[in-house]
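Peer 1: Use these hints to put chain C onto chain A, whose structure you have.
Here the protein sequences line up with chains A and C, keeping their order. Heads up: the first sequence runs through residues 1 to 255, numbered per our numbering. Heads up: the second sequence runs through residues 1001 to 1214, numbered per our numbering.
Derived by calculation from the structure, the hints in this document are not laboratory data. Quick caveat, the model's predicted, so the values are computed rather than measured. There is no bait here: all hints are sound.
Now the stretches of chain C that chain A is said to cover, found in silico as 3 or more residues with beta-carbon under 8 Å: (1) 1015–1022; (2) 1138–1148; (3) 1187–1193.
Which residues of chain C face chain A? A few of them, derived with a C-beta cut under 10 Å, are: (4) D1054; (5) F1116; (6) V1118; (7) P1119; (8) W1123; (9) T1164; (10) Y1166.
Just so you know, even glycine gets a beta-carbon here, dropped at the ideal spot from N, CA and C.
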Amino acid sequence: MLTKRIIPCFDVDRGRVVKGVSFVDLRDAGDPVELAKLYNQEGADELVFLDITASSDDRKTVYDMVAATADQVFIPFTVGGGIRSTEDVKIMLELGADKVSINTAAIENPTLIRDAAYRFGSQCIVVAIDAQKVAGTSSDWQVYTHGGREPTGIGVVDWATEVVTQGAGELLVTSMDADGRQDGYDTELLQAINKAVNVPVIASGGAGGPAHMKDALVDGKADAVLAASIFHFGTYSIRQVKAYLADAGVPIRHS
Amino acid sequence: MGSSVLIVDYDAGNLRSVTRAVARSGATARVTDKPDDLKGADAVILPGVGSAADTMSKLVARSLDEPLREYIFSGRPFLGVCMGMQALFDFSEEGGGQKCLGIFPGTVHHFSLENFKVPHMGWNTVEWLHDHPVIEGIPNNSYFYFVHSFFAEPTEKGVVLGQTKYGVTFPSIIAQDNVFATQFHPEKSSDLGLSLYANFVSWAKSPGFFSGSK
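One chain only, chain A, in its complex shape (with noise of 0.2 Å):
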């Protein structure tokens, strides 16, 4: 049976993890491999890299990540932050990533997802959808770009059927009302985009624990949780969420 994804995201800057990981075993909690080794031991079934690297100068430090992770680390991950054209998606394959994931771009370039769709497969092409509520409204989202700053005046399930219908292979679908609150992720969202689309949903923002992602995967229909600081300060570890998780009927891989 397929299984839920688990997936721990790490926001990286010029090549190394940063905002507070504090893993005390770690010799170094900034060095993105060793982290991807250590989640892979854990059980994650896939990892997200975000690049937030500020300056473009600064791009060579995230291709020698991507390329070091490929290396060494047997699990599938994609990388998002940056993407802007179809050569700076295979430039991130090459090196080793399995997915990018496209946000912004997507809305500044209309052709960019179909012609990396047309060219690398829908299948490493992941469109991430950053969603806020529009105020006064209990069912309407819009989308925003820039990192959560700019709002676009399209409305989210609108968008999300768009960029399937252009060739996204996945959506990365973040709630910017849930993120950082640690009090659940928007399963409401995650329902009317999963209505609208047939392609795999993860779910982003909101995490605070196990009964969360559950509640993502199974009234969200989510096919993956998307989770940061719950595993990074080790509230929770992923094996202690997978237990949860199978407890629960969700299905899971046991590693």
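Peer 2: Chain C alone, transformed into the frame defined by chain A:
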């Protein structure tokens, strides 16, 4: 033989993980897009992501299709991965229809399923239907990483070594004589995937393989 494994490069993107996975098992992995290299090869891997039409047109453009068929028919060890498995069949329905390498009789179909997302993406179990040196030591119903929208349907069911359920039950490992091929990506399937590569390398070195060809 020595312990050199040739990985066929037809511009299918990610060869890095396959190369590293082979290197981990102690063999020398060499990537090539030269048809002549296949003539003297001791073991060959055809990796792959992307579409059938794209794969076949690139193999043809690099004049790799016939040398690959000759290599496989020579009886030397061969491993196909994902698209590298689908390409072994007669025909794929992908992209309106694509003639493939024709090693195995059969067709590659699209997953057209109610209530199942396409692509089939993630970790799923593989049930062994019989034994094989390349799966030795790997427990039955272990998880491997899949990402694909099409699946093979061989005419001869006897070539199916492993099967997986996703709406339908489809062949996830094909094996016959010198050919071993997986629909999943062992190079993305963590430790058990690496075991599979190590087993392939050992199998390729085993006596008996080269009595006819060398």
